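Here are the chains, one letter per residue:
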Amino acid sequence: MPHESSLASAQENGPVHMRRSAATILAPVLLGLSILGIWELYVDLHGVDPLVLPAPHAMAVQAWNNSGLLWSNFTITAEEVVLGLALALACGFAMAVAIHVWAPIRRAVYPHAVGSQAVPIAVVGVLLCYWWGFGIFPKLFVIALICFFPVVVTTVDGLAAVDPDQLKLLRTLDASRWQAFRFAELPAALPAALSGARIALAVGVIGAYIAETSTPSTGPHAGLGHEITADLTALQTSRAYAATALLFLFAIACFYALSLAERKLAPPTNKP
Amino acid sequence: MEPNISGRSLSAVRLSGVSRAYRDRRGSAVQALINVSLEVPEGSVLAVVGPSGCGKTTLLELICDLQRPDGGLIETQPAVLMPQRDLLLPWLSALDNSGLALRIAGHTRAHTRARARELFAELGLAGFERSRPHELSGGMRQRVAFLRTLLSGKQVLCLDEPFGALDAITRAQMQTWLVQALRHEPRTVMLVTHDVEEAITLADRIAILSPRPGRVIEEIDVELPHPRVRTDAAVIALREQALGTLGQEHAA
Ligand SMILES: Nc1ncnc2c1ncn2[C@@H]1O[C@H](COP(=O)(O)OP(=O)(O)OP(=O)(O)O)[C@@H](O)[C@H]1O
Ligand SMILES: [Mg+2]
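If you read the protein sequences in the order shown, they are chains A and B. Mapping of the first sequence onto this note's numbering: residues 1 to 272, in sequence order. Mapping of the second sequence onto this note's numbering: residues 273 to 524, in sequence order.
Honestly, the hints are just simulated from the structure, not real lab data. Each hint should be verified, as a subset may be incorrect.
Stated by the list, open to error - Cβ-Cβ distance ranges computed for the label pairs, FRET-style:
{"#": "1", "chain 1": "B", "residue 1": "337", "chain 2": "A", "residue 2": "98", "range": "23 to 31 Å"}
{"#": "2", "chain 1": "A", "residue 1": "102", "chain 2": "B", "residue 2": "325", "range": "35 to 43 Å"}
{"#": "3", "chain 1": "B", "residue 1": "505", "chain 2": "A", "residue 2": "176", "range": "48 to 56 Å"}
Claimed, not checked - Residues from chain B that face chain A, not an exhaustive set, calculated with beta carbons under 7 Å:
{"#": "4", "residue": "336"}
{"#": "5", "residue": "338"}
{"#": "6", "residue": "341"}
{"#": "7", "residue": "352"}
{"#": "8", "residue": "353"}
{"#": "9", "residue": "359"}
{"#": "10", "residue": "363"}
{"#": "11", "residue": "372"}
{"#": "12", "residue": "376"}
{"#": "13", "residue": "424"}
Computed from a predicted model, the values in this text were never measured in an experiment. Glycine residues also receive a C-beta, built at the ideal position from the N, C-alpha and C atoms.
Whenever a hint applies, use it, and build me the whole structure from the sequences.
Okay, structure coming up:
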C-alpha cells in the first residue's frame with residue numbers, strides 16, 4: 001500500500017533529506033580514504049614486504065590489470081551470496097514461524113539449530129559435494145547454514161514479543177490462529193526479523209568465502225574466495241587483497257540494499 | 273441462548289453467582305469478583321460503576337469469554353469487548369483498525385473500508401482515515417476503537433470506560449451519538465465507567481460494585497426519558513443516591 005503521507009513529508013524535507021544522504025555517503029568515503037592514506041604511508045615509510053602487506057596503490061594496479069578475472073569471479077561469488085542469503089532468509093523465517101507456532105518443534109529443533117552453528121564446514125564439504133556435485137548448490141547450502149541462525153533467533157523473539165492484549169483483542173473479534181498471526185504477530189515481529197536479516201547479510205559474504213574454500217570446485221573461475229586462497233598460495237598477495245577489497249565493498253552494497261528494501265517493507269510509521 | 277419467541281425481552285446476558293480469583297506471582301489468591309449475579313435484558317444498557325480495582329474489567333472479560341470464572345454460571349449472546357486500553361494495531365491505518373472485525377469475518381478490504389468510512393464522518397474522524405494510531409489524539413483513538421467494536425456486529429457490546437480519555441464536550445457528543453446509534457441499531461450494552469453521571473445519562477440500569485472483592489451492592493433503575501439533562505432534578509437525585517452508596521462502601 002503506498003503511503004501518501006510519508007511521500008509528502010519526504011518532499012517537504014527535501015533539502016534536509018538530501019543533505020543527510022550526502023553526508024551518509026561522504027562520511028564513510030572520507031574515513032575509507034584516510035585509512036588507505038595511513039596504510040599507504042605505513043607501508044612506504046616502514047618498507048613493509050609486499051608479501052606481508054601490499055600497499056593500496058599496488059592493490060589498485062592489480063585490480064586494474066586483472067579486472068576481467070576479478071569481475072568474472074566476483075559475479076560467481078555475488079550469485080552465491082544472493083541466492084544463499086535468499087535461502088537462509090526463507091528457511092530461517094519458516095523455521096522461526098514453526099518454532100513459534102508449535103512448542104514441540106521449539107523443544108526438538110532449537111538445540112540442534114544452535115549446535116549446527118558449531119559445525120566446521122570443511123568437515124561436511126566432501127559430503128555436500130558427494131550429494132550435489134561441484135555445482136553451486138553445496139555452496140548455497142553452506143551460506144544458508146551460516147546465515148539462517150540469526151534470522152531464526154530474532155524472528156522467534158519478535159513473534160513472542162507481541163502484546164498479549166492485542167491477541168486478546170483479536171480473540172474477542174473472533175480471529176482464527178492464522179488471523180492472529182497475520183494481523184498481530186507477523187507485523188509485530190517484522191522489525192526484529194529484519195534485524196536478523198541484516199546480521200545474516202553481514203556474515204553472508206564471509207559465508208560465501210567459507211563455502212568456496214571448503215567445498216571442491218572445478219574450473220579457473222570459481223569465485224573470489226577460491227581465487228584469494230589460490231593467490232595466497234601463489235604469493236600473489238596484492239591480488240588477494242584486491243579481491244578482498246571487492247568482498248568488502250560487496251558486503252556494504254548488500255547491507256544497504258536491504259535497508260532500502262526495509263524502508264519499503266516497514267516504513268518507520270509501521271513500528272509501534 | 274434460546275431465540276425470543278414471545279417477543280418479550282429476554283436476557284442477553286445472565287450471570288449467576290460468578291466468582292473469579294487471580295493468583296499473583298507469590299501464589300496467593302487475589303479475589304477480584306465474588307458471587308456476582310446480573311441480568312441485562314436484550315436491547316438495554318447496563319452501566320457498571322465501582323471503585324478502581326474492584327473487578328470491572330474482569331467482569332467484562334468473563335462475559336466476552338476471554339477468561340473463565342472459578343465458579344458460577346455465565347450465559348450470554350455473542351459479546352465483544354472494547355478494551356480499556358484502545359489496543360489499536362500500530363501497523364494499520366485508523367480506517368483499517370476500525371474495520372478489523374469485518375476483515376476477520378472474511379470481507380474484502382474494499383468492502384470493509386467502504387463500511388467503516390461511512391461511520392468515520394459521523395464520529396468526527398473524517399480526514400483521518402489514513403492516519404496511523406500514533407498520529408491520533410487519545411480521544412480519536414477511543415472513537416476508532418469504539419467503531420471497531422460496533423462493526424463487529426455482535427449483539428452484546430462490553431465497553432470498558434469507552435469515553436474515559438475524552439474532554440467533557442467530546443464526551444457529551446459521543447454519549448449523544450451512542451444513544452442515537454443504539455436507537456438506530458439496538459444492541460445490548462455493558463458500560464463500565466467511573467463516571468456516575470455518564471452512567472445515569474446512558475443506562476437503563478446501574479449496577480454498583482463494592483471495592484475488591486467486587487460484588488453487586490446496589491442496582492438502580494433509571495427510568496427517565498432520553499435525552500437526559502445533567503441538571504434535571506431526577507438525574508441529580510439518582511446521582512446522589514449512587515454516590516451515597518459508593519461513599520458508604522468506601523467509608524466502611
Ligand atoms: N492478570 C491479573 N493477575 C493478577 N491479578 C489481576 C490480574 N488482572 C487483574 N487483577 C487484579 O484483580 C483486581 C480487579 O482488576 P480489574 O482490572 O478487573 O479492576 P477494574 O475494576 O477494571 O479496575 P480499574 O477501574 O482501575 O480499571 C485488581 O485488584 C487487580 O489487581
Ligand atoms: Mg478496568
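Quick rundown of the hints versus the structure:
1. B:337 / A:98: 23 to 31 Å: At roughly 29 Å between Cβ atoms, residue 98 of chain A and residue 337 of chain B fall inside 23 to 31 Å, so the hint holds.
2. A:102 / B:325: 35 to 43 Å: holds (37 Å)
3. B:505 / A:176: 48 to 56 Å: Since the Cβ atoms of residue 505 of chain B and residue 176 of chain A sit about 52 Å apart, the hinted range of 48 to 56 Å holds.
4. 336: holds (5 Å)
5. 338: At about 6 Å, which falls below the 7 Å cut-off, the nearest Cβ of chain A leaves the hint on residue 338 of chain B intact, so it holds.
6. 341: Violated. Min distance 17 Å.
7. 352: holds (5 Å)
8. 353: holds (4 Å)
9. 359: holds (5 Å)
10. 363: holds (4 Å)
11. 372: Hint holds; residue 372 of chain B Cβ to chain A Cβ min 6 Å, cut 7 Å.
12. 376: Holds, about 5 Å.
13. 424: The hint holds - residue 424 of chain B has a Cβ within 7 Å of chain A, the shortest such distance being about 6 Å.
Against the hints set out earlier in the document, a violation occurs for number 6 only.
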